[in-house]
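**Q** In case you want the letters, here they are:
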Amino acid sequence: MLALDRLGKIYPNGVNALARFSAEIRLGEIAAVIGGSGCGKSTLLRAIAGLDRATSGTVTLDDIAISAPHAKIGIIFQEPRLLPWLSVADNIGFGVSDLPASIRREKVARALSRVGLADKANAWPRELSGGQAQRVAIARALVPQPEVLLLDEPFSALDAFTRRDLQDHLLDLWADTRPTLVMVTHDVDEAVVLADRVLVMRPRPGRLFDEITINLARPRDRNSPHFDNFKRRVLTALDRSLDRSVPDRDAKSTAGEAMWW
Amino acid sequence: MAMTVELPALEQADAIAPRSAPTARLRRYARPALGLLLPVGLALIWELIVWFGWSSGRLVPPPSKLFATIVELARGGELTRHVAATLTRVVAGFGLGVVAGTVLGAISGYWGLARRLLDPTVQALRAIPSIAWVPLFILWLGIFETSKVALIAVGVFFPVYLGVMGAILSVDRKIVEVGRIFRLSGPAMIRRILLPAVLPAYVVALRVGLGLGWMFVVAAEFMGASEGLGYLLIDGQQLGKPAQILAAIVIFAILGKTTDWLIEIASAPLLRWQDAFGGHGGGH
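Heads up: the sequence lines are chains A and B, in that order. Numbering of the first sequence is given in my numbering, commencing with residue 1 and proceeding in unit increments. Numbering of the second sequence is given in my numbering, commencing with residue 1 and proceeding in unit increments.
Same shape as in the complex, but just chain B (with noise of 0.2 Å):
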């Protein structure tokens, strides 16, 4: 499926001289590995010009550091009760953000009147920095987890309502025209045209959600927490551990990355029938 997408590229490789079937594959594997190049080239300097004592690399540790960091929280066990912190508030935002933002979308792409009514006053919330609302959260919901969550829950809910009303009314009206004709009821034509047709865009609607659930998680976390990753990051500050900071920011990396990844392989199977979902090469 890669393939597809990256067609031209290839054509153009074999206008240039046929290649075997081995280097195709290396060159598959070579693609991605280019990407790395930078970054883990960048690391080695530094590592290296912290080994040779030209910088103290006290306030940018070098990777290794950063490395013994990070296996030193995981051997305390404090990582996992961090990771799970911050894991269990996204989910549990996320979540709330994805109902909300699923059924109130659905609500005002299927029915022009709740539009009319609902969707200026969500665009007009849309428009509020979401950070904005966080005194108002801590005040009405207090400073442990309920704000926290409900911050995270109102950054997903925008992208996912938007995502959701926009694909619903996109969706062909000529396809729905083929379902009128073979008299499909109101359940059936949902489920069999309606769905199929918003589900790319529900895709790509609950990455973004998911990318903006993360953002705010650092957020909340940042707003008076005693565990997870946000005050890994704070704690960093306050005590001059920049170390420990970077780590916080790698995991965050790796979480947010490995998320992402899960719901595109979730949706895969559902959506092979598309030309840009082949693999990893859609979406990014």
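Next up, chain A with everything else stripped away, as it sits in the complex (with noise of 0.2 Å):
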């Protein structure tokens, strides 16, 4: 399990970005966290990372305290941000050098066969369209088999067609290994078909403001009532958190609650 026991994280220039921050992410669970820019989605992402340490608080794994980067825990970002002079293959081998060269080009081959890309082994990452370069970036993050994996909008700077297909390939892989995924996003789709339970961020300084569970059946209609159903709740908890006369934790989403079911 991971646990997030009131982190807060307090700039040196002086500003707050993360304040109070509980949660507890169950192993196998998808949590999407959403919120307004500036809620402290990325600050929150990074300490959990172990990139930049949180001023206050502890991220905890398996009762493990995480305050630097730690092999169970793999985070994909926005941008692909493969070595552009290593090829595909080495790129998605790049996590596990360590291993012996057969068993690391067994796993690489499989990795790349599962996001697709098995013609593009040795193809340089600029020969790559923005798509197939997330993929190799997934594919990197996977092969060393984390337990939880870190995702930071990582669908954002791909077109609309290309995110749905790699949405649905993420939830595809996901389901081999099933790590816990903690996904920061600003689209409420994605996390609508992605998550088991949304975390609506607020920001100044960034704190949770609602939880949402998704209690759907994958794979998810994106064009069914009860998809709709989530994504307005959702985005009227995003449009409260960012009402500064609603109030912090106003008795967890039962406004929500009331105004949907």
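Hints may contain errors.
[Claimed, not checked] Partial pick of chain B residues on the chain A-facing surface, computed with a CB cut under 8 Å:
#: 1; residue: 171
#: 2; residue: 173
#: 3; residue: 174
#: 4; residue: 180
#: 5; residue: 181
#: 6; residue: 196
#: 7; residue: 260
#: 8; residue: 261
#: 9; residue: 263
#: 10; residue: 273
[As the list claims (entries may be wrong)] Here are the simulated DSS-like cross-link-like pairs (lysine-lysine), alpha carbons at most 25 Å apart as the crow flies:
#: 11; chain 1: B; residue 1: 65; chain 2: B; residue 2: 257
#: 12; chain 1: A; residue 1: 120; chain 2: A; residue 2: 107
#: 13; chain 1: B; residue 1: 174; chain 2: B; residue 2: 65
#: 14; chain 1: A; residue 1: 120; chain 2: B; residue 2: 174
#: 15; chain 1: A; residue 1: 72; chain 2: B; residue 2: 174
#: 16; chain 1: A; residue 1: 72; chain 2: A; residue 2: 107
By construction, these hints were calculated from the structure, which means they are not laboratory data. Values in this document were obtained by computation on a predicted structure and should not be read as measured data. Just so it is clear, CB atoms sit at the ideal spot from N, CA and C, and this is done for glycine as well.
Two independent chains are provided; combine them into the complex using the hints.
**A** Shown next as structure tokens:
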């Protein structure tokens, strides 16, 4: 289990980016963190990844305190961040370079065919389209078999069609080993299609505002009325999070419940 | 690879009329040949002007005289001696300059404290025209090889230092973060992220440094040498032998281009991933 306990982050310039953020995310759960810009979503994710330490509070994964990048935690960024001097195959194998070459090759080959890029093994990253490059980034993050995979707006730079394609593909890959996914997004559709639980944040300082559990069976039909219902609930929560007159944590999501059920 | 660089022009040509493969090959070689047209044409015209006796060609010898001079120098074994002397100086000076520039540039690029300590001094020294060091170097190091090599090394040092420091400073923080996520140790981070990331800029810095090395070897050989291509230049001036001066200039051009090409060839396999480095397409 990934436990976030009263995480806070104050940057050296005095900006209070994150305050008392607590959440517990079960193994294999998909959690989407959503919120207006500047609400501390990325700060939160970087603290979980161990890239930027929180100034207060703790991140623990299976009772191990996380304060630096950890082997059990992988991350996918908004940009693919492939190493341009390595072939696609070498990029995917980048995180498992300590394994014997034969095992590494086998893992890389499996990952390549799993993301549908077996024919691109020897291509250079610059020869890939945006969607292909992000697939390589996903494969690179998954090859070391992390227990937790963090995603920082992973599909926001892609066109709508590619984005949908990759969302479905991500779920497909997730089903292989069922890691915990924590995904930051500003796309309500994406949050509802992927997540078991949507965490809505509000800005200045970034803090948890609301939680919405999406108990829809997968695969989810983007056109079903249930799907629309959840989308509207998330949107309402988002709107309320930006409304300064609404107090924090107003009797946890009952407002949304009353309105839509 | 060269195709990638010149794609727009090729596309344009294709749009006008579909070309067969032999024509395409012809076009590939025609392009550099076009660049040769002007110098070769001018040389031919000058050769003809002297041939017909419209000019004596005493101060500007025709190409045939130039080649005769080079052949004559080569036959006596003199050319080898001069070329060897100049090459030795360039290689020694270039080597020293590259080592010093790389080490100090890497230190300045990697550690902020070292940069704040070191860089202002280096920048101040850089503002001094390097030739201004000549009298001091001669006083300190004597008139012979040491002062010459030192001057060349100074010329090579600055572009390499600046290139390495700038390249390290401009390494994409996002790529470094990928290294952190996969928990690379310090040495692994340098080997697997920093070195490949700075390599393209480093090769450019080496090539600029080499160019300056060739420039400074001439200056160094002007300050009293008894052999070397620079000596041939001075000797030709003092004895009124323009053909010898031009011969030395031509050999300088050939050596400069060849050594530059050697760096390009040596680095090409490491830079295959780059868009701009396609065969002879990049860097000119």
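**Q** All hints, please: hold or fail.
**A** Evaluation of the provided hints:
At a threshold of 8 Å, the smallest CB-CB gap from residue 171/B to chain A is about 12 Å, leaving the interface hint violated. For residue 173/B, the interface hint is violated, the least distance from its beta-carbon to any beta-carbon of chain A being 10 Å, above 8 Å. The closest approach between the C-beta of residue 174/B and any C-beta of chain A is roughly 5 Å, which is under the 8 Å cut-off, so the hint is satisfied. The beta carbon of residue 180/B comes within 6 Å of a beta carbon in chain A, closer than 8 Å, and the hint placing it at the interface holds.
The interface hint given for residue 181/B holds, since its Cβ lies 5 Å from the closest Cβ of chain A, which is under the 8 Å cut-off. About 4 Å separates the beta-carbon of residue 196/B from the nearest beta-carbon of chain A, less than 8 Å, and the hint is met. Violation of the interface hint for residue 260/B is found here, the shortest Cβ-Cβ separation to chain A being roughly 23 Å, above the 8 Å cut-off. Checking residue 261/B against chain A: minimum C-beta separation of about 23 Å lies over 8 Å; hint violated.
About 18 Å separates the beta-carbon of residue 263/B from the nearest beta-carbon of chain A, more than 8 Å, and the hint is not met. Restraint check, residue 273/B versus chain A: the minimum CB separation of about 5 Å is within 8 Å; hint holds. As the CA atoms of residue 65/B and residue 257/B are separated by approximately 23 Å, the hinted pair is consistent with the 25 Å bound. Among the hinted pairs, residue 120/A with residue 107/A is consistent with the structure: their alpha-carbon atoms are about 15 Å apart, no more than 25 Å.
Annotation: proposed proximity of residue 174/B to residue 65/B is violated, straight-line Cα distance about 60 Å (limit 25 Å). Under the criterion of a C-alpha separation no larger than 25 Å, the hint pairing residue 120/A with residue 174/B is consistent with the structure, at around 24 Å. Restraint check: the Cα-Cα separation between residue 72/A and residue 174/B comes to about 20 Å, which is no more than 25 Å; the hinted pair holds. For the suggested pair residue 72/A and residue 107/A, the alpha carbons sit about 17 Å apart, so the restraint of at most 25 Å is met.
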